[in-house]
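Residue numbers for the sequence shown follow my numbering, so the first one is 739 and each next one is one higher.
These are computed hints drawn from the structure, not numbers from a lab. Owing to the predicted nature of the structure, the values given are computational and were not obtained by experimental measurement. Wrong hints could be hidden among the right ones.
[Claimed, not checked] Here are the in silico distance ranges between beta carbons for each label pair:
| no. | residue 1 | residue 2 | range |
| --- | --- | --- | --- |
| 1 | Thr1093 | Leu1116 | 42 to 48 Å |
| 2 | Gln1030 | Arg829 | 21 to 27 Å |
| 3 | Glu835 | Gly1095 | 32 to 38 Å |
| 4 | Arg1113 | Asn888 | 31 to 37 Å |
[Claimed, not checked] Computed list of lysine-lysine pairs in DSSO-like fashion (alpha-carbon distance at most 27 Å, straight line):
| no. | residue 1 | residue 2 |
| --- | --- | --- |
| 5 | Lys1152 | Lys1203 |
| 6 | Lys1060 | Lys916 |
| 7 | Lys793 | Lys991 |
| 8 | Lys1152 | Lys793 |
| 9 | Lys793 | Lys867 |
| 10 | Lys793 | Lys916 |
| 11 | Lys1203 | Lys991 |
| 12 | Lys1203 | Lys916 |
| 13 | Lys868 | Lys991 |
| 14 | Lys1060 | Lys1203 |
| 15 | Lys916 | Lys868 |
| 16 | Lys916 | Lys991 |
Each residue gets a CB set at the ideal place from its N, CA and C atoms; glycine is no exception.
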Amino acid sequence: MFRYVNERSPRLACAILVSSSCIFGSSVQAGGFALIEQGGSGMGNAYAGASAVSKDASTVWFNPAGMTELNSRQIAVAAHVISVESDFSDRGTTLNEAFGLAPVAGQTEVDSGGAAGVPNLYYVHPLNKKVTMGFGVSVPFGNSTDYGDNWVGRYQAVESEVTVIDLNPSIAYRVNPKLSIGGGVSVQYIDATLGSAVDSGATCLGLVSRATVDLAECIGAGLTTAGVRANDGYAVVTGDSWAATFNLGLLYKPRQGTKLGLAYRHSIDHDLDGEGEFSTNPGLAAILANRQVPLFQTTGASADADLPPSVMLSIAHEVNSKVELLADATFTGWSSLEELRVRFDNPAQPDTLITLGYEDVWRFSAGLNYQQSDRMVLRAGVAYDQDPVPSTQLRTPRIPGSDRTWVSFGLGYKFGNRGQFDVGYARLFVDDTPIDNASESAGGTTIRGVYETNVDLLSVQYTHKFN
739 MFRYVNERSP RLACAILVSS SCIFGSSVQA GGFALIEQGG SGMGNAYAGA
789 SAVSKDASTV WFNPAGMTEL NSRQIAVAAH VISVESDFSD RGTTLNEAFG
839 LAPVAGQTEV DSGGAAGVPN LYYVHPLNKK VTMGFGVSVP FGNSTDYGDN
889 WVGRYQAVES EVTVIDLNPS IAYRVNPKLS IGGGVSVQYI DATLGSAVDS
939 GATCLGLVSR ATVDLAECIG AGLTTAGVRA NDGYAVVTGD SWAATFNLGL
989 LYKPRQGTKL GLAYRHSIDH DLDGEGEFST NPGLAAILAN RQVPLFQTTG
1039 ASADADLPPS VMLSIAHEVN SKVELLADAT FTGWSSLEEL RVRFDNPAQP
1089 DTLITLGYED VWRFSAGLNY QQSDRMVLRA GVAYDQDPVP STQLRTPRIP
1139 GSDRTWVSFG LGYKFGNRGQ FDVGYARLFV DDTPIDNASE SAGGTTIRGV
1189 YETNVDLLSV QYTHKFN
């Protein structure tokens, strides 16, 4: 869960939060690095009304209370394809003040996006008319970006891959015909691999400024200029963590054809452990070995990271036998990530403080279902999704998110009394995203540029009911 960045001195930064979101190129699906793609049937509505609809087993994730609406055992298997086009255009990336604000050599036009898939699996088992059990496997957070090792921002980020898997056993109880309640336990596993280039020239000159090595040694190694790609080293950090939290849900039916859903997911505290491995410039490695400077040595690192709580309020209203209207508002408490402190096992490396400044955000959506026939339902929806990054200065190249607007449509088709197939598509329109991010290392870089991002989402789901 960490990113190792070295420009003037080695640094490890918790990249699952500082710079990530999803298993899919700049995560721009649900604010920050959260993924809302937790069921295939909801994609066609832009997930409007998700905690109220409760028509298949994906309600295990969106609102466990909705499981009481399902009167037979069923399993739902979903897959989502997320295709991200995220084009970065440089607008004057420079070395920091210690190196005269010189421009960084490298690629100035880069696509950090790509395509990847996300799975979901849910099972619901009614025990009796009052109590229903459920279980879900989902991917609520993640990130994957790859700029290549020759772009101008390589000292802050080259590759990022973060995967979060959530196991969610749950239970629901029907209090009366109008009210149901539910809850569950989420057990999460996070795994991450993150890499960045190491500016060997900046590192050597930084050691000179602290009288750790002599300038003549840097001259002899050809390390007198910062930002020279031929001199770069590379740092890769891998890490993982297990943690647990809980979620609660309520489903209320004030009258026939109207359902209100309220779902809460508690924050989850991860104690992250990782290891950094380094490919060091030979000249710099020789200097460090000669001076017995313990830099670029494999070392452990740890950090505490609080993933945010969320609250979803939804409504589903049947206008008539054909039309159902859907809406919801979701609050996510991203301000839990105001800062991160990374601690190193190597005593030669001090703690690193990363300022995030994330803000709480809202997501609003509206949609409708049209019952075209007994077997087929047509869906459409729109959504507006805020991003928690408050400024261009706090935006990182690993997750250059911005506010986005969803437009989606889809359909569901029943096969007899037991099977249903759902498919949904969404296009996400993302605001152009400026970045002006200065590395916290005095010998680092300031990335200046603009991202132009578009996202296409395709979801499919098969639900099978048992006797």
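- Sort out whether Lys1203 lies within 27 Å of Lys1152, counting only the CA atoms. Distance of about 11 Å is within 27 Å: holds.
- Message: For the hint 32 to 38 Å, verify it against the beta carbon of Glu835 and that of Gly1095.
- Response: violated (22 Å)
- Pair hint outcome, Lys1203 versus Lys916 [Cα-Cα no greater than 27 Å]: Distance of about 24 Å is within 27 Å: holds.
- Query: If you draw a straight line from the CA of Lys793 to the CA of Lys991, is it 27 Å or shorter?
  - Reply: holds (14 Å)
- Query: Taking 27 Å as the top limit, are the C-alpha atoms of Lys868 and Lys991 close enough?
  - Reply: The hint holds at about 16 Å.
- Taking 27 Å as the top limit, are the C-alpha atoms of Lys793 and Lys867 close enough? holds (17 Å)
- With a cut-off of 27 Å on the C-alpha distance, tell me whether Lys916 and Lys991 pass. holds (5 Å)
- Task: For the range 42 to 48 Å, tell me whether the beta carbons of Thr1093 and Leu1116 fit it or not.
- Result: holds (47 Å)
- Message: Tell me if the straight-line CA distance from Lys1203 to Lys991 falls inside 27 Å.
- Response: Holds: Lys1203 and Lys991 sit about 24 Å apart, inside 27 Å.
- Message: Between the beta carbons of Arg1113 and Asn888, is the distance compatible with 31 to 37 Å?
- Response: violated (54 Å)
- Restraint check for Lys1060 with Lys1203, where alpha carbons must lie at most 27 Å apart: holds (23 Å)
- Does Lys793 lie within 27 Å of Lys1152 when you go C-alpha to C-alpha? OK: Lys1152 and Lys793 at ~13 Å, within 27 Å.
Of the numbered hints stated above, those contradicted by the structure are hints 2, 3 and 4, listed in ascending order.
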